[in-house]
Amino acid sequence: MSKLDRHTLLIDDEVAAFLKSVKTRQTVDIEAAGTLPRKCDEKNPLQNNSSDAVRRKIPVKKTDSSSPKPGLVPVLAGSPWKHYTQEYFIEHWCLFAIATSKTSRENLHMIRSAPALNDEKLQIIRQICHPNVVETMEVYSHDDGNHYIVSRMMESSLMHVCRAPEYPSESQLSSILFQVLSGSEYLISKGLVPESITCAGVLINLAGEVKISNIEEFQPGGLEMYRKDS
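Numbering (the numbering used here), first residue to last: 27 to 256.
Check before you lean on any hint, since a few could be wrong.
Ranges of calculated distance between the beta carbons of each label pair, as one might list FRET restraints [as the list claims (entries may be wrong)]:
#1 Ala103 x Ser197: 42 to 50 angstroms
#2 Gln112 x Gly247: 31 to 39 angstroms
#3 Asp169 x Glu196: 48 to 56 angstroms
#4 Gln149 x Pro191: 37 to 45 angstroms
#5 Gly97 x Pro191: 39 to 47 angstroms
#6 Gly247 x Glu181: 27 to 35 angstroms
Only pairs whose alpha carbons sit at most 27 angstroms apart, straight line, appear in this in silico DSS-like list of lysine-lysine [to be verified]:
#7 Lys108 x Lys147
#8 Lys147 x Lys216
#9 Lys108 x Lys128
Keep in mind that the hints were calculated from the coordinates and are not lab data.
C-beta: ideal position from N, C-alpha, C; glycine also.
Build out the structure end to end from the sequences listed, making use of the hints.
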């Protein structure tokens, strides 16, 4: 099956920006003409059956509320480079330094700078623990006011998957979508609104686990939205 024949497509960030500008121009043209697009009154009789079939195929795993609550992510004073050795850089939605701990050089870690991290958002990030959100291990608070977030290694991103020569299958795309939605729902319940989920901001490890990474870019206010919907 070719990429264009699929029901689900990953949209490149550059393409998404282009489509957004086209949609904005179309909206302006419609308002200027004083007309609105006509809605279809007839419902597709196959729509509900198709949705039911998709639900049966995709397993839904609910979060176990009885599991023990994780502790807060520690905030340490100073620079992370006193405790980590920089190996190389990799760019996803931002520039990550790939580093190893000076006490144990077995595992790789990702370190990113978060200069705009305020106290409110920092406290929210310290409480976040979900299988579909990149795990924050430590946060360093530097004397210059900058913060550095240390997280577990994630080898790739949806941007790489989107641009790969071999496009994912429908089952793989369904798994990716389910994991992104699970992470988004959790972040909203914790008080963050995921307004800017991009292919570059969603990372994937070698085990196929999909995790949202750019949480410091999200805005507070998700908790109120979550309470209204529940």
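Tested hints:
1. Ala103 x Ser197: 42 to 50 angstroms: 47 angstroms, holds
2. Gln112 x Gly247: 31 to 39 angstroms: Since glutamine 112 and glycine 247 have Cβ atoms about 35 angstroms apart, the given range 31 to 39 angstroms holds.
3. Asp169 x Glu196: 48 to 56 angstroms: Given a distance of about 51 angstroms, which is inside 48 to 56 angstroms, the answer is holds.
4. Gln149 x Pro191: 37 to 45 angstroms: 43 angstroms, holds
5. Gly97 x Pro191: 39 to 47 angstroms: Distance hint for glycine 97, proline 191 holds at roughly 43 angstroms.
6. Gly247 x Glu181: 27 to 35 angstroms: The hint (27 to 35 angstroms, Cβ to Cβ) holds, given that glycine 247 and glutamate 181 are roughly 32 angstroms apart.
7. Lys108 x Lys147: 25 angstroms, holds
8. Lys147 x Lys216: Cα-Cα ~11 angstroms, so holds.
9. Lys108 x Lys128: 8 angstroms, holds
Hint compliance for this structure: no hint is broken.
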